[in-house]
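Asks: Here is how the chains run, residue by residue.
Protein chains: 2
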Amino acid sequence: MAIQKPSIPKGTRDFGQKEMARRNYIFNTIRSVFRTYGYQEIQTPAQENLSTLMGKYGEEGDKLLFRILNSGDAFADVDFEKPLTTQVCEKGLRYDLTVPFARYVVQHQNEISFPFKRFQIQPVWRADRPQKGRYREFYQCDVDVIGSRSQVNELELVQMVDAVFGKLNVRVGIHINNRKVLTGFAEIAGAPDKVVDITVAIDKLDKIGLDKVKEEMADKGLQADGIAVIEQILSLTGSFEEKLAAMRSLFNGGSASGIVSETGLKGLDELEELFGLIAAAGVSAPVEMDLSLARGLNYYTGAIFEVKALDWEIGSICGGGRYDNLTGIFGLPDLSGVGISFGADRIYDVLTGLDLYPAGLEQSTTLLFAVMGADELRYVLPVAKALRSRGIAVEVYPEPSKLKKQFDYADKKNIPFISINGSNEMEAKTVNIKNLVSGEQKAFPASDIEAILEFLS
Amino acid sequence: MAIQKPSIPKGTRDFGQKEMARRNYIFNTIRSVFRTYGYQEIQTPAQENLSTLMGKYGEEGDKLLFRILNSGDAFADVDFEKPLTTQVCEKGLRYDLTVPFARYVVQHQNEISFPFKRFQIQPVWRADRPQKGRYREFYQCDVDVIGSRSQVNELELVQMVDAVFGKLNVRVGIHINNRKVLTGFAEIAGAPDKVVDITVAIDKLDKIGLDKVKEEMADKGLQADGIAVIEQILSLTGSFEEKLAAMRSLFNGGSASGIVSETGLKGLDELEELFGLIAAAGVSAPVEMDLSLARGLNYYTGAIFEVKALDWEIGSICGGGRYDNLTGIFGLPDLSGVGISFGADRIYDVLTGLDLYPAGLEQSTTLLFAVMGADELRYVLPVAKALRSRGIAVEVYPEPSKLKKQFDYADKKNIPFISINGSNEMEAKTVNIKNLVSGEQKAFPASDIEAILEFLS
Numbered sequence: 054m055a056i057q058k059p060s061i062p063k064g065t066r067d068f069g070q071k072e073m074a075r076r077n078y079i080f081n082t083i084r085s086v087f088r089t090y091g092y093q094e095i096q097t098p099a100q101e102n103l104s105t106l107m108g109k110y111g112e113e114g115d116k117l118l119f120r121i122l123n124s125g126d127a128f129a130d131v132d133f134e135k136p137l138t139t140q141v142c143e144k145g146l147r148y149d150l151t152v153p154f155a156r157y158v159v160q161h162q163n164e165i166s167f168p169f170k171r172f173q174i175q176p177v178w179r180a181d182r183p184q185k186g187r188y189r190e191f192y193q194c195d196v197d198v199i200g201s202r203s204q205v206n207e208l209e210l211v212q213m214v215d216a217v218f219g220k221l222n223v224r225v226g227i228h229i230n231n232r233k234v235l236t237g238f239a240e241i242a243g244a245p246d247k248v249v250d251i252t253v254a255i256d257k258l259d260k261i262g263l264d265k266v267k268e269e270m271a272d273k274g275l276q277a278d279g280i281a282v283i284e285q286i287l288s289l290t291g292s293f294e295e296k297l298a299a300m301r302s303l304f305n306g307g308s309a310s311g312i313v314s315e316t317g318l319k320g321l322d323e324l325e326e327l328f329g330l331i332a333a334a335g336v337s338a339p340v341e342m343d344l345s346l347a348r349g350l351n352y353y354t355g356a357i358f359e360v361k362a363l364d365w366e367i368g369s370i371c372g373g374g375r376y377d378n379l380t381g382i383f384g385l386p387d388l389s390g391v392g393i394s395f396g397a398d399r400i401y402d403v404l405t406g407l408d409l410y411p412a413g414l415e416q417s418t419t420l421l422f423a424v425m426g427a428d429e430l431r432y433v434l435p436v437a438k439a440l441r442s443r444g445i446a447v448e449v450y451p452e453p454s455k456l457k458k459q460f461d462y463a464d465k466k467n468i469p470f471i472s473i474n475g476s477n478e479m480e481a482k483t484v485n486i487k488n489l490v491s492g493e494q495k496a497f498p499a500s501d502i503e504a505i506l507e508f509l510s
Numbered sequence: 054m055a056i057q058k059p060s061i062p063k064g065t066r067d068f069g070q071k072e073m074a075r076r077n078y079i080f081n082t083i084r085s086v087f088r089t090y091g092y093q094e095i096q097t098p099a100q101e102n103l104s105t106l107m108g109k110y111g112e113e114g115d116k117l118l119f120r121i122l123n124s125g126d127a128f129a130d131v132d133f134e135k136p137l138t139t140q141v142c143e144k145g146l147r148y149d150l151t152v153p154f155a156r157y158v159v160q161h162q163n164e165i166s167f168p169f170k171r172f173q174i175q176p177v178w179r180a181d182r183p184q185k186g187r188y189r190e191f192y193q194c195d196v197d198v199i200g201s202r203s204q205v206n207e208l209e210l211v212q213m214v215d216a217v218f219g220k221l222n223v224r225v226g227i228h229i230n231n232r233k234v235l236t237g238f239a240e241i242a243g244a245p246d247k248v249v250d251i252t253v254a255i256d257k258l259d260k261i262g263l264d265k266v267k268e269e270m271a272d273k274g275l276q277a278d279g280i281a282v283i284e285q286i287l288s289l290t291g292s293f294e295e296k297l298a299a300m301r302s303l304f305n306g307g308s309a310s311g312i313v314s315e316t317g318l319k320g321l322d323e324l325e326e327l328f329g330l331i332a333a334a335g336v337s338a339p340v341e342m343d344l345s346l347a348r349g350l351n352y353y354t355g356a357i358f359e360v361k362a363l364d365w366e367i368g369s370i371c372g373g374g375r376y377d378n379l380t381g382i383f384g385l386p387d388l389s390g391v392g393i394s395f396g397a398d399r400i401y402d403v404l405t406g407l408d409l410y411p412a413g414l415e416q417s418t419t420l421l422f423a424v425m426g427a428d429e430l431r432y433v434l435p436v437a438k439a440l441r442s443r444g445i446a447v448e449v450y451p452e453p454s455k456l457k458k459q460f461d462y463a464d465k466k467n468i469p470f471i472s473i474n475g476s477n478e479m480e481a482k483t484v485n486i487k488n489l490v491s492g493e494q495k496a497f498p499a500s501d502i503e504a505i506l507e508f509l510s
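Taken in sequence, the protein lines are chains A and B.
One gets the numbering used here by counting positions in the first sequence from 1 and adding 53 to each.
One gets the numbering used here by counting positions in the second sequence from 1 and adding 53 to each.
Please note: incorrect hints may appear among the correct ones.
Which copy is meant is left open, so a pair is good if it fits within one copy or across any two.
[To be verified] List time: in silico DSS-like cross-link candidates among lysine-lysine, alpha-carbon distance up to 30 Å:
1) K135 with K116
2) K457 with K438
3) K257 with K267
4) K71 with K458
5) K482 with K267
6) K267 with K457
These are computed hints drawn from the structure, not numbers from a lab.
The following block holds chain A by itself, in its conformation from the complex:
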């Protein structure tokens, strides 16, 4: 067979030892926080039926699904007059963790005790055009609670974000909005279908100024009364409490349109309760209401979250919100949930950029026994075994080689201790260990594992 120059599909990555150590550090930190809040891990298969996936991510999303050719002879009974793709592919690779989670909840509803608190850390696949920071295979890390409408769930998500980034030593700002408030704005502006346009306008004020925003709103077809309402919204200033009071007045018929928005008022109640709970529980990161926040707008029905690193420019590193009908499409309506997703790749980039990985993360082996000959090799095997059984990572160089080569190996693997033993040590029943960082060298009775452990620690 001809020799092949090996490569991997574009947009995919190998993770070597260093990347894995760093990624495991991030995932294990996140996992440990999720666990202290009583969230439990589940996993779903990489392949889902296309009937589960299609139509959930919009037309654009459907195009980005990786489809799997039916096994056996996929083309055996095909009607070539009809579109082929749907005839030869019944399964696709999971595109996110949200739809498989909804499918899971419905399929296993009788085994689940609600409120159901789960997390899931698995790769997803999208046939996006690969570019810097965008991959065709990447991990998502989702935490959701489903089956409770209480704002305590929103609070817990905020607390978990705070705890995760506290542990990772990343300073973050937590931005919170509420979809019902945005709906309220559109309602009192007399344009309930223009939620997105109005949210975008709120976001643009700083950049383009009030006049341009009003112009743009007129272009979008907003009437004069509506534009006046937008102007009132954009003039909101002051503390959280002052803004809340001003919005309550607008929603209560006090806006230029005089329209009352019950939805908007409900949204304010939710925001007020959530911020009260955050104050009662105590959260270290700054949390602010951000009326321009609109991620996944057509999907969320209550709280909307976004988290940004304060010391590294990279966009959102975590986000999510409340959804009221995730499982409806699979036949289980009216199950409200709320969740957030941690962006593993971006968090990785932030930690790398700010040099926040703990020292020693990439050091995997503590002690290397250099090997001078077959007898010396056998001599150290029981010592190596005893240390390993105490959890110390020990390597025995597999064959007698030049010491230079063995030292190079220790150096490349960042191994901080080396043990070199010859006939003298064998006779004296000792092992000689050198700290390659400090230069300190000491001999120990081969049987005194405790003393060796102390020297290595």
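Since chain A is already given, all that's left is putting chain B on it; use the hints.
Replies: Okay, now just chain B, sitting in the frame of chain A:
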């Protein structure tokens, strides 16, 4: 959109919280042992180019590859006169971890320091017909060292098997053979192309008896001299050392054919060295030479391993061997390696069958704060936070509900402690905690986290 009854593709599985806790226990045990031997984790993408995968698993394996339809319009430039599959699919899902590992080593050879000790725990996909215990998506758990011919590597694999199953409390037997010895048998039987037939014959002696084995060998085309050699091999008895001496004599021209096998002698040297190292290092599980062991015969070139559970009938739960040219097909010849693969699903079944999971594995939350009202909820939030920051898994029931419902929730989630607090506790600044297993109940100052921790431990 019509409501869909959700399901997953046949041969795939969802893993709920209980399964995940058990699987993580197995994987983390294996991982921790690999680490104490200096093996480091890598991951490769789920999708590989079909050019990497094809032709590596035989004709049957090629048919079992899951192929991914090219993205965009896969059928746009297709020549319908030619086979379609190869035109519309360039990528496939990984079928095992071995070929991606070989591809990885060649692709990253300049970054790797040899001997390269890696492990990899990831799912693989095969379009096999699903049946009991056989899935289309399942995890493999491979550990290999590549770039060293020393038997110390074989020793370490045996030690790791011993340590893993020791930690899991599964009694196992470790079977070892050597491909060179099997080659030697075929050579001195004058039939170097009949390695498999001869190995099968050795294995059948107990079941069908010597005469039938000889008959079968004659049917397979073995000459009289060769059959006489087989008879000599089948008559090998005694201790490991006695068998070794007898085989050495056969390979040295002392067999009925008088043929000398250098390969067979080399195999005996390797077996002798490995068993010597095992004795020097000390291994708890019984290790035996098993001349009938032939797994992956066309692939292995030296040691062959197989591990069986002694107390549960399930076949091999772990196996592997040495290979000398894994990376040759990708352009890096003469790189010898040795590795084993742990069968996660079978190990799971053994632990389940023998009831060997540690107590408390499925208990994820330690303490539930029941909630009677909005004030009581806010009162316990700081206590919950303080306990969580000390690593205790705590849940706060998200809304005031009937106590019965909250107790049921604790019961279903196996939560052993519940805390119920009302106006009395709020006034006294205490929290009341009940051990649901022992019935013991105690009040603590809300600020005395240490005392609470002790009660929960």
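Asks: Taking the hints in turn, state whether each one holds.
Replies: Quick rundown of the hints versus the structure:
| no. | hint | result |
| --- | --- | --- |
| 1 | K135 with K116 | both (18 Å within a copy, 26 Å between copies) |
| 2 | K457 with K438 | within (25 Å within a copy, 53 Å between copies) |
| 3 | K257 with K267 | within (11 Å within a copy, 89 Å between copies) |
| 4 | K71 with K458 | within (22 Å within a copy, 47 Å between copies) |
| 5 | K482 with K267 | neither (87 Å within a copy, 54 Å between copies) |
| 6 | K267 with K457 | neither (74 Å within a copy, 55 Å between copies) |
Comparing the model with each numbered hint stated earlier shows that hints 5, 6 do not hold.
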